[in-house]
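S.K.: Generate the whole structure from the sequences, applying the supplied hints.
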Amino acid sequence: MEIHNKKLDKKSLLEERNDVLQQWPTGDAVDLDEAMRYQRDIPESKRFSAALARAETNNKTLLQPRAGVALLSEQITLLQHLQNSCDLLPTTIDAYTRLNRYDEAQVGIDRSVKAGTSLLNGFPAVNHGVKACRELVESVNKPIEVRHGTPDARLLTEITMASGFTSNEGGGISYNIPYSKRVSLEKSIRDWQYCDRIVGLYAEEGIIINREPFGPLTGTLVPPFVSHCVAIIEGLLALEQGVKCVTLGYGQAGNLIQDIAAIHSLRDLAHEYFKDAGFDDYKLSTVFHQWMGGFPENEAQAYSVISLGATAAALAGATKVIVKTPHEAAGVPTKEANKQGLETTGQIINMVSDQKMMPSPSLTQEIELIKREVRAIMTRVFELGDGDIARGAVAAFKTGVMDIPFAPADCNSGILMPVRDNNGAVRVLEKGATPLPDDVLAFHHDCMAERAKVEGREVSFQMVIDDVNAISQGKLVGRPKDPVLRAL
Amino acid sequence: MTIATRSKKQITVNIMSSAINTNKNHENTSASNSAKTTIIIGVIGADCHAVGNKILANVLGRLGFNVVNLGVMVTQDEYIDAAIEHGAQAILVSSIYGHGEIDCKGMRERCDERGVSDMILYVGGNLVIGKKDFADVKVLFTEMGYDRVFAPSDDLEEVAEFLTMDVENKQSANQQWIVA
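If you're matching them up, the sequences are chains A and B in order. Each residue of the first sequence is one higher than the one before, counting from 51 in the working numbering. Each residue of the second sequence is one higher than the one before, counting from 18 in the working numbering.
By construction, these hints were calculated from the structure, which means they are not laboratory data. Note that the coordinates shown come from a computational prediction; the quantities given were computed from them, not determined experimentally. Please note that the accuracy of each hint is not assured.
Stated by the list, open to error - Using C-beta positions, here's what the derived DEER-type ranges look like:
no., chain 1, residue 1, chain 2, residue 2, range
1, A, L491, B, Q192, 38 to 44 Å
2, B, V156, A, H321, 53 to 59 Å
3, A, D81, B, V156, 48 to 54 Å
4, B, D153, A, E52, 49 to 55 Å
5, A, H131, B, D129, 42 to 48 Å
From the three backbone atoms N, C-alpha and C, an ideal C-beta is built for every residue, glycine too.
M.R.: Set out below in structure tokens:
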């Protein structure tokens with residue numbers, strides 16, 4: 051399959067739409083002209099792009115939970131329970147729908163009805179269809195985004211955009227590599243060009259729908275430069291299809307300086323690459339995801355992890371923060387636990403957001419480091435694609451120039467291996483085929499050598515395992531348990 | 018079972034020289050050794066959580082098992098196919114995303130139908146939606162026919178000890194049956 055970063059031709063797009071809308075019976079109800087009239091009537095107070103623009107102007111960090119259950123009435127109850135404790139609402143889609151397994155989602159709905167409780171980990175929006183989704187949107191008082199993990203989200207996008215959702219999370223890389231096993235990158239990038247083009251069609255009619263590439267990827271020790279490259283590429287792909295409002299994301303790593311530097315550098319780099327590509331008619335915002343890895347079971351400890359994430363988001367000046375819950379270690383939270391996560395975060399955001407993070411040499415150094423890493427990778431990606439970022443991205447993953455740690459997808463190398471340094475910042479242990487400059491690699495090596503010396507052990511994969519488990523076990527850095535800890 | 022590794026002893030392997038199961042998910046078999054117990058691992062259903070799976074493969078491999086890792090999004094029949102193909106003693110099913118109750122049901126019956134009714138079946142992870150008492154979860158999955166049920170915080174070395182014990186019991190039970 052050939053792929054190019056070119057705006058999809060409208061005539062062939064409309065032909066493709068006919069097939070997409072037949073993938074499940076609920077596709078019949080999507081009428082684009084009628085959908086645009088419906089979207090146009092949505093009040094500003096329930097429009098994502100407007101809320102983000104206000105937050106950018108006022109330097110506010112908005113709060114958004116994750117939330118999705120199997121049945122419509124339950125989903126309405128859930129969002130109504132959360133809406134007064136947050137600024138933006140989600141609807142998280144179940145895992146069967148994410149893989150286009152609508153028949154299995156139907157089994158999940160039927161069993162949930164029988165059990166009297168949700169047996170799905172999200173809201174199967176395609177099965178519910180436009181009418182039910184509109185009932186959901188009309189039952190709440192905040193802007194609402196569809197959040198999922200779908201490599202082929204064409205039908206889901208059609209249905210949710212027609213239903214009045216004003217933001218769509220995802221992208222051809224970020225919703226493939228962390229979420230699927232055997233989907234080719236060409237296919238997922240092409241299918242997301244479709245999703246972006248649909249959002250672009252709405253934009254042509256003056257209806258601005260927000261698009262959010264998924265920042266945290268596998269959520270496990272992802273170095274900032276790795277996720278930044280994906281975010282910037284997906285931003286460029288979206289803008290090409292006519293998207294006008296982009297939110298780029300990053301998942302908390304845990305070291306405060308690195309996390310703040312990540313949001314600062316993401317914003318700067320995105321503008322740099324977007325403007326270089328000739329775009330100036332767009333709105334950019336950022337999203338900070340509270341820790342996406344394993345959580346402590348103990349709820350008091352979980353609140354601490356949530357609080358550190360809230361602090362970093364506010365100090366970094368992210369436009370919004372995606373909030374975790376004290377039930378994270380156990381999986382899908384109750385609505386009460388979900389609200390508690392929001393209230394914890396809200397208190398911190400309010401207390402921290404008036405404070406400014408003073409510029410410091412270590413923050414500047416970290417920002418510059420991330421920028422150099424991203425530019426080194428991006429330069430190579432453009433070369434691999436002969437200037438075409440879509441082709442370049444496919445080639446970059448094939449050759450390991452781009453490589454996401456701990457990802458399930460076959461099209462990802464999985465050789466790049468991260469580990470924390472002695473301060474808990476995520477560094478590169480094994481670079482794989484990523485073209486990081488020699489002096490940058492030497493810096494990463496020195497950081498790890500410092501930790502190895504302090505812990506009195508060799509740098510090894512055991513260190514990585516210890517880091518993966520550390521936060522759920524009450525720490526940031528996965529220190530050895532028994533051995534001599536020199537100088538600690 | 019998935020990522021908890023409260024190791025009593027530190028196992029250190031040089032990252033450059035070890036065959037870490039981090040490259041590819043599918044059919045990652047460590048060096049075959051007939052003396053080793055072969056086990057099948059993977060994440061069931063539509064679940065794409067890969068981190069714990071990669072760590073499980075690495076740690077159980079280092080603890081002496083011949084690990085066949087099917088990666089994420091594995092169907093019941095794919096586990097059983099792999100178990101038959103590799104002559105495995107046990108299947109370790111992981112589920113993190115909450116659909117475990119739907120995905121794991123019928124696995125024991127499927128083993129019976131496929132002629133491997135003595136297969137040791139373990140299951141672990143965040144197996145149901147929401148925060149439930151683990152004792153209830155254990156009962157639910159034991160009734161489905163799983164021999165042991167683990168929480169995310171369970172020690173992987175303990176899982177390995179149970180596995181060794183259950184495999185030995187199974188083999189001596191089989192031998193007694195042959196003698197009788």
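S.K.: Decide, hint by hint, whether the structure agrees.
M.R.: Hints and how they fare:
A C-beta distance of roughly 56 Å is found between L491/A and Q192/B, which places it outside the suggested range of 38 to 44 Å. A hinted range of 53 to 59 Å holds for the C-beta pair V156/B and H321/A, which are about 56 Å apart. Judged by the Cβ atoms, the range 48 to 54 Å given for D81/A and V156/B holds: they are separated by roughly 50 Å. At about 53 Å, the CB distance of D153/B to E52/A agrees with the hint of 49 to 55 Å.
Roughly 44 Å separates the CB atoms of H131/A and D129/B, a value that falls within the hinted 42 to 48 Å.
Hint violations for this structure: number 1 only, all remaining hints satisfied.
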